[in-house]
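Novice: Letter by letter, the chains look like this.
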Amino acid sequence: MSTIMLVDDSATILLSISSILGKAGYTVEKAANAEIALGKFNAGVKINLLITDLNMPGMNGIELIKEVRKLPAYKFVPILFLTTESQQARKMEAKAAGASGWIVKPATADELLNTIKLVIK
Amino acid sequence: MSFKHTTPSAHSAQRRQFVVRSRLVSIAVGVPVTLLVVLVHESFTTLLASWLSFGPLAIDLVGTVCILILFTAGQRLLSSIFFHDAHFGVQERIEDPRPSCPANKICKRVALPELRSIVPFKQILIDQLHSVTEQTEKAAFAITTRLQSIDAVAIDLQQFVSAASAESSGSAAESEAKVSANRVLIKHMESFIQKRINESAEDAKSNADAIEKTQSLKSLVELIRRVAGQTNLLALNAAIEAARAGDAGRGFAVVADEVRKLSQETEAAVKKIDDGILAVTQLIENRCQDKIADSHIDEERQTLENFSAQLGTLGNSYEQLAQREQKILEHISSTNARLAEMFIETLASVQFQDITRQQIMQVIEGIERIDSHTQSVAGIIQHAEDCASTNPNITPLKDAFDALFSTYVMDEQRDVHARALDRTGKSASSKRSAAKINKIELFQTLPEISP
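Protein sequence lines, in the order shown, are assigned to chains C and A.
This note's numbering numbers the first residue of the first sequence as 1 and each following residue consecutively.
This note's numbering numbers the first residue of the second sequence as 1 and each following residue consecutively.
Only chain C is shown next, with the shape it has when bound in the complex (with noise of 0.2 Å):
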């Protein structure tokens, strides 16, 4: 099954939607913040999907993901933002950045999985 690297500096939210993914039968790496996860990256984790959160402390989101695109080894993989910002001027910033999806929180689990499926080929 797939692997799934999930950032949010929200303990809960780490807990619950690796919780979430967990019993969908995917793999979670958690990271609470965007440097812990540029850690993992650079360690090689293999992943099929990058979820991360826009607003965090430290480096944001829109700025891990043009990190991670810098990386040859995560070039094409998919990236979904999962953040309470619905602005579409933040969307296309991330867009531009390399993402591919961008969820609303609060997300249901059902929207949630159902654009995880979309996204991980």
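One or more of the hints may lead you astray.
[Claimed, not checked] Where chain C lies over chain A, by a calculated footprint (3+ residues, C-beta under 8 Å):
(1) 139-145
(2) 354-365
[Unchecked claim] Straight-line distance between alpha carbons at most 16 Å, and here's what the computed EDC-like set of lysine to aspartate or glutamate pairs gives:
(3) C:Lys23 - A:Glu345
(4) A:Lys439 - C:Glu111
(5) A:Lys439 - C:Asp110
(6) A:Lys122 - A:Glu365
(7) C:Lys117 - A:Glu441
(8) C:Lys46 - C:Glu29
(9) C:Lys23 - A:Glu341
(10) A:Lys122 - A:Asp422
(11) C:Lys23 - A:Asp156
(12) C:Lys95 - A:Glu441
(13) A:Lys213 - A:Asp274
Quick caveat, the hints were computed from the structure, so don't treat them as lab data.
Quantities reported herein were computed from a predicted structural model and do not represent experimental measurements.
C-beta atoms are modelled at their ideal positions from N, C-alpha and C, and glycine is treated no differently.
Following the hints, complete the assembly by docking chain A onto the known chain C.
Specialist: Structure of chain A alone, referenced to chain C:
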């Protein structure tokens, strides 16, 4: 005369107050001054004309000046006595080259400490909000953890139900096999009983035949008995005839006697045969009766039928029980599946905490901005020499909140901000977010998957 720092209505009230007070004071001073003029006019004129040789015009001029000085002094004296200043109690509000000095003193003495005291109280509010965030985060985390425990129980239950369901299906199949085996057994028993019935009937028939055939021997025995009787009678006659014949008939008499003895022996043998036939007949009849008594075929058949019916009922009951158990297990299983769905949705709804946390952080940011603005105002008051020389260089609070608006992380915050501004008349409809939020958006240019 003009008034500063007043609204139009306050300005009008002050003007009326000033007019009323000035008229009252003018009357209060004018009446005694007029009386004084009347009383001292004669003496004053004589004094100036005789002592200082003033003409009538000079005397009138000096008198008028004195009256004006006296009137003005009287006005100021009365005003100071009754209204605590020389300008009918409105001096502070009269435009003055140095008007704000008392106000500045008040501001620095009263308003400034109050503004400075906002800092610790602001901190209380911020700490409270941080505490709310922390508490909700802990609670949400605990809820999520408990949900996982509940899920573990639900998984256990599901596994138990699956195992029980498989077992139940096995039992049902086993039960069906047993019922079938019982049916076969009952059929065997029925055919066995039928065979026994048939055998019994055949036995009865062959016994009857044997009895009949044995009985038929009796007529032969009777015939032999009659022949023996006749032979005995003939032998007796022959003996009589031999006796008549004398010596010639002596040998014949011996034969006749032997014949008579033979016939007597025959009769004795016939009697034995008759007894034997009777004994055989009775024996066959007795054995037949015993066999019939032993068989109880009907009872056996009835018992077997009852037994069969009981087995059938038992099998049906067992089958119903198994079906019921299967239904219960299916119900538990479907309920458990629904619980699992609810569990997942509840997990998803925990996202509210993250949203609340971010909203509270923005409220804290707003409070910080208000505090910063307040401290800027306090700084201006503290360093101001006077109002006239003060040229406040302060960023309007509106700018601070516009900056806060730009840091919002969700449309809900922007809407609340805009609605609040609308209510307070500071419309910001241009800042309203789009009416409908597109919750999920997949970008068309999805990165291609590497081969």
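Novice: Could you run down the list of hints and mark each one as holding or not?
Specialist: Going down the list of hints, with the structure as the test:
Here's how the segment 139-145 of chain A fares: 4 of its residues keep a CB closer than 8 Å to some CB of chain C, so the rule of at least three is met and the hint holds. Counting residues of the segment 354-365 of chain A whose CB lies closer than 8 Å to any CB of chain C gives 4, so the stated coverage by that chain holds, three being the minimum. About 12 Å separates the Cα atoms of Lys23 (chain C) and Glu345 (chain A), which keeps this hinted pair within 16 Å; it holds. Between Lys439 (chain A) and Glu111 (chain C), the direct Cα distance comes to roughly 9 Å. Compliance with the 16 Å bound is thereby established for this hinted pair.
The hinted pair formed by Lys439 (chain A) and Asp110 (chain C) meets the criterion: a straight-line CA distance of about 13 Å does not exceed 16 Å. For the suggested pair Lys122 (chain A) and Glu365 (chain A), the alpha carbons sit about 11 Å apart, so the restraint of at most 16 Å is met. Simply put, Lys117 (chain C) and Glu441 (chain A) have alpha-carbon atoms about 14 Å apart, close enough for the 16 Å limit, and the pair holds. Note on Lys46 (chain C) and Glu29 (chain C): the hinted pairing holds, with a Cα-Cα distance of about 10 Å set against a maximum of 16 Å.
Restraint check: the Cα-Cα separation between Lys23 (chain C) and Glu341 (chain A) comes to about 10 Å, which is no more than 16 Å; the hinted pair holds. A threshold of 16 Å between alpha carbons decides the hint, and for Lys122 (chain A) with Asp422 (chain A) the separation of about 26 Å lies outside it, so the pair is violated. Taken as a hint, the Lys23 (chain C) and Asp156 (chain A) pair is honoured in the structure, with Cα atoms around 14 Å apart against an allowance of 16 Å. For the suggested pair Lys95 (chain C) and Glu441 (chain A), the alpha carbons sit about 10 Å apart, so the restraint of at most 16 Å is met.
Distance check on the hinted pair: Lys213 (chain A) and Asp274 (chain A) sit about 13 Å apart at the alpha-carbon level, within 16 Å; holds.
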